[in-house]
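Trainee: Here are the chains, one letter per residue:
Protein chains: 4
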Amino acid sequence: MIILLRRGAAPADVQKLREDLQNRGFTLHESTGTLESLIGVIGDTSAIDINTLQARDCIERISRIAEPYKKVNRKMHPDNTVIDVRGRKVGNGSLQIIAGPCSVESEEQIISTAVSVKEAGATMLRGGAFKPRTSPYAFQGLEANGIDLLKKARDITGLPIVTEIMGEEDLPLFEDIDVIQVGARNMQNFKLLKALGKFNKPILLKRGLSSTIEELLMSAEYIMAGGNSEVILCERGIRTFETMTRNTLDISAVSLLKQKSHLPVCADPSHATGILSLIEPMSLSLIVAGADMLEIEVHCNPVNALSDGAQQLTPTSFSSLMQNINKMADFMGRNIG
Amino acid sequence: MIILLRRGAAPADVQKLREDLQNRGFTLHESTGTLESLIGVIGDTSAIDINTLQARDCIERISRIAEPYKKVNRKMHPDNTVIDVRGRKVGNGSLQIIAGPCSVESEEQIISTAVSVKEAGATMLRGGAFKPRTSPYAFQGLEANGIDLLKKARDITGLPIVTEIMGEEDLPLFEDIDVIQVGARNMQNFKLLKALGKFNKPILLKRGLSSTIEELLMSAEYIMAGGNSEVILCERGIRTFETMTRNTLDISAVSLLKQKSHLPVCADPSHATGILSLIEPMSLSLIVAGADMLEIEVHCNPVNALSDGAQQLTPTSFSSLMQNINKMADFMGRNIG
Amino acid sequence: MIILLRRGAAPADVQKLREDLQNRGFTLHESTGTLESLIGVIGDTSAIDINTLQARDCIERISRIAEPYKKVNRKMHPDNTVIDVRGRKVGNGSLQIIAGPCSVESEEQIISTAVSVKEAGATMLRGGAFKPRTSPYAFQGLEANGIDLLKKARDITGLPIVTEIMGEEDLPLFEDIDVIQVGARNMQNFKLLKALGKFNKPILLKRGLSSTIEELLMSAEYIMAGGNSEVILCERGIRTFETMTRNTLDISAVSLLKQKSHLPVCADPSHATGILSLIEPMSLSLIVAGADMLEIEVHCNPVNALSDGAQQLTPTSFSSLMQNINKMADFMGRNIG
Amino acid sequence: MIILLRRGAAPADVQKLREDLQNRGFTLHESTGTLESLIGVIGDTSAIDINTLQARDCIERISRIAEPYKKVNRKMHPDNTVIDVRGRKVGNGSLQIIAGPCSVESEEQIISTAVSVKEAGATMLRGGAFKPRTSPYAFQGLEANGIDLLKKARDITGLPIVTEIMGEEDLPLFEDIDVIQVGARNMQNFKLLKALGKFNKPILLKRGLSSTIEELLMSAEYIMAGGNSEVILCERGIRTFETMTRNTLDISAVSLLKQKSHLPVCADPSHATGILSLIEPMSLSLIVAGADMLEIEVHCNPVNALSDGAQQLTPTSFSSLMQNINKMADFMGRNIG
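Protein chains in written order, with the numbering used here: chain A, 5 to 341; chain B, 5 to 341; chain C, 5 to 341; chain D, 5 to 341.
Any given hint might turn out to be false.
For chains that are exact copies, the list does not tell them apart, and a pair is met inside one copy or across any two.
Each computed BS3-like pair below joins lysine-lysine, with the alpha-carbon atoms no more than 30 angstroms apart [to be verified]:
#1 K20 - K79
#2 K75 - K122
#3 K331 - K264
#4 K155 - K79
#5 K20 - K264
#6 K20 - K155
#7 K331 - K93
#8 K198 - K74
#9 K74 - K202
#10 K198 - K155
#11 K93 - K198
#12 K198 - K75
#13 K79 - K264
In short, the hints are calculated from the structure, not lab data.
All values reported here derive from a predicted model rather than from experimental measurement.
Hey, can you work out the whole structure from these sequences and the hints?
Mentor: Next up, the structure:
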């Protein structure tokens, strides 16, 4: 961390700053120029609150040099983290395909969809039981009943199940869920992240609509700091000024997350674009960019879906997409599943 | 709601669409042109999920005409909602000033700050007991103990207290809190919003960092739909490409919220800017734009604050700010308190 | 400027870096820690291209400490710049109100509008002769003829005229224009900025839709570096994710520009919001935030306007707005004109 | 275009609106509901200015249904436009690779770089002679001399040359340039677009930093409306809140532009990311997403580059990138060159 002192700062204030930092165990390196005077702060500065430090009159500006995330940092853990989900490995160079409907709507719907995505080659099943909806008047999910239906679908297909949690108090319902998803709107629900840090299940952590890559890593750090090291990061589109797509898929985030962190990276082309005709080109591009996992919405009957119909593939179009995903995985030397 | 049909849509698909909508109780008005064919859907369309409807092949585009929010809509409730907080009225044309530290840190700190903001003219006291922090290694708040200290400060000063809730499971601790704040990161924590809809306390709902004005209104709708009509909307800066300020204060949102909704509107110049020298000009501008309430961070000793020091005013500078707020309130015909 | 060296950087590379910087006349201050090694670069670093420097393998990160703008910087020129526009002073604490139509459409239209805004209290007249339009099929302005009509309106009302230039090659037409406006889309048209740097007229420089405050200052620096020191900075709304307003008025930019620079600051509530009912509250707020000048669109007959009708005030509503602007100016101790 | 009438609109105003639209040749289809009354406007509405129409009191809201772009629209021209650049075809399913330095700096530099990118497999040469720089104190390019050096490099290597124009008045210098680039900051320099519409050369039109996909298409429409139909659209990263990458590469825009328009699409991974380690994964992803052309910065000696050093590949790393681009092109059935 580098502190730029304000020109004409009172020497007593600067001395107080020095002492406070040294008392907290930091080593200081000073550089006094004619125009600028700097203090380099050496040590584990991740616990320093820059905003607070900046309240001191003698300080002009502070730059953090070290990354504030540690456990998720590839520098601290150079090898890829590999997460085992009922025998399927995430993060070892293979490619996992999560498919399924936006919401679990009925036994028939989830089982029919599960069977067809399994046939087409998906390796995990998704389906929302608790649905975060902008409007209180929209379908809110089948909740506990939806969880039960997912388990039935798993019994029938053998596909591990992925579903979203919306609050700590629902955790008991997730004890037998294979991957617990944290949605974009909850990426900084720190209460929930802390609870998941103590829960022994893989977590699929979606990037918030306007969260930076660093904030996503810090949210993963919350879970890891709690003791749970099975975190999968997920890019799902960010909010920008562009309105032609629902969100803007930040594909460079996928490659960058793989470089900055050892955690596996997933991407969700369905939510990122909201446009059916973009799902195939984006899925293939994401594989090339290094995604370990894709999450794709498929519904046995999108026209009658209770949520997000427009971006859900039919089983037929998903099957055709999987053929191209297979070819691309092959070309990239990646095994599906 | 207006549906633009795709050119060359199959007549059978269009007929199916017509029937489905009529079965849901909507009246249809069709307009068939040489280039474009439209179906106007008349009725309460707020429960229609546009994304799902759009899954139908026969549809090119859908535009929602009616606003999706109802209970918060000024059209449905032309008079200002006035909320009583221990005798202080919010929303009746008066001006309320919430002041206090970012975090409650100690008995001495909160009481000393409370006494001085009271003297300077603040009408409510803020202080964070549960703190949403980007880093798991940063100070997380005194939690239940912080709540107790706020009550002590209220006993001494008589100021109503405002503090943030981070999860439904903490609600029992908030039974004696005067205004419960929902932070920007929880604006779409729908579980929490639903729980607050059944809690009998005024809610200060902060706009998410990248939430639209409509989404803020929809989150307020969640609380009102649950039965709690005491919601105060709060603009606190949005995330944009600009980095010189911490966030971008969307002052036009304040005026617009007053026009679109009957709910009182608060604004937080401290978080919106993150820059001390901007707090006074922004506070005064916000009063002019129509804010019913301001929330301003004040700390008895910002240099030693455990969070957000840089944007917290000293009691002295807050006192000087209050003099100018008083003059502006006078000029605008607003009574403080 | 501070350079953080990469851990394990080759000593020869670092030595080369040192020599190159010293050869360019900079003084270096080094600080070698166990974790981090820094080089502070002292001198006028505004000509250093950070992107290029960063190509060196031995460098991890570079932070610029000094602001890259000089002539526009208040640190270099603490007193307000005051610009004389036909006897009206901009930047001396007074308040100037530019009013007029989006486009000059006809002699009758511009003169009728000019006479009424003069009567209502405007101090300058605006009107677009060259119009930057998103669509090539939209009205593009009367061009040279529009300039002539503006001069007629000035002859009749005595109001100085403000109009937009779109390209260097049109400069000869602007020799008798009182204030030359550079539109948001041309804020980084550096050819034009250079040409205006050598033109002896006040320039009203509008902030680009997604230009940072620093970039706006750098564009003003281009004009000043060319020799023209009469630049007025103008906030006119930035592009964000919010769609309810046309743009997002960044009111804190107005206060911040006044702090960072000695140049006068204008604001344009008409383009910033695009909503008639917001023009009055935003105009008054902007005065409070420190704007030296407001630019407001007024049209004698908005319903028949050839461009931007929806945000143009009628003469009657402008007159009523001016009454409130007068009261606010009075309260703030500002003289109009 | 659909007009939603305001509830309680004066019948005389609505009648006036009907007549004005009919007088302009539009056919109207009305739909009067209990809650909402609509007028559908049928005809070529691309010349209607929505902002002006909206000034009428009787109108609540207007939605444009038809796309405002015509000549660039794939609906009007289903086949791919193919542009011939000295025998190389752009847009016919092949892949063109433009490579070269950010700026032309010297004869030795441009020729050495040109020879090496040719050897590595690039099919066109880029190099900036006129440089748009944020700071007036930064290197501004060799201008006319730079153009001459590019031609020399073309003579030696046979590679067609691509270089940026900054103003209409420089056009005579571009008569022998193979592809004229319009930079992001000039995407809405309408004077320049109009001039290029009458110039008989292929134009590489870069998307503005915060320009929507629709605005990019409208700027291309300007050039085509002038008579020049050889336009190549270029995605080069947009400005968002994310700061870890220089810009955010909007890869879905590449696929979407190919769907919406018949024009060829280029992408620039160098400017989009500003990070060397992202150039390869993004280049390969962009090919998969459907880009017809990539523009990649390569410098014979990035450490001594006069601009943008950090994102310029060395000839060696470009050569290694080209090997992977070749494999991907092969896999996708695309011929380079």
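Trainee: Please go over all the hints and tell whether each is borne out by the structure.
Mentor: Now for the hints, and whether the structure bears them out:
| no. | hint | result |
| --- | --- | --- |
| 1 | K20 - K79 | between (34 angstroms within a copy, 27 angstroms between copies) |
| 2 | K75 - K122 | neither (35 angstroms within a copy, 44 angstroms between copies) |
| 3 | K331 - K264 | both (28 angstroms within a copy, 27 angstroms between copies) |
| 4 | K155 - K79 | neither (38 angstroms within a copy, 46 angstroms between copies) |
| 5 | K20 - K264 | between (36 angstroms within a copy, 29 angstroms between copies) |
| 6 | K20 - K155 | neither (61 angstroms within a copy, 34 angstroms between copies) |
| 7 | K331 - K93 | both (20 angstroms within a copy, 28 angstroms between copies) |
| 8 | K198 - K74 | within (16 angstroms within a copy, 35 angstroms between copies) |
| 9 | K74 - K202 | within (18 angstroms within a copy, 40 angstroms between copies) |
| 10 | K198 - K155 | both (26 angstroms within a copy, 27 angstroms between copies) |
| 11 | K93 - K198 | within (25 angstroms within a copy, 37 angstroms between copies) |
| 12 | K198 - K75 | within (15 angstroms within a copy, 34 angstroms between copies) |
| 13 | K79 - K264 | within (8 angstroms within a copy, 39 angstroms between copies) |
In the structure shown, a violation is registered for the earlier hints numbered 2, 4, 6, in ascending order.
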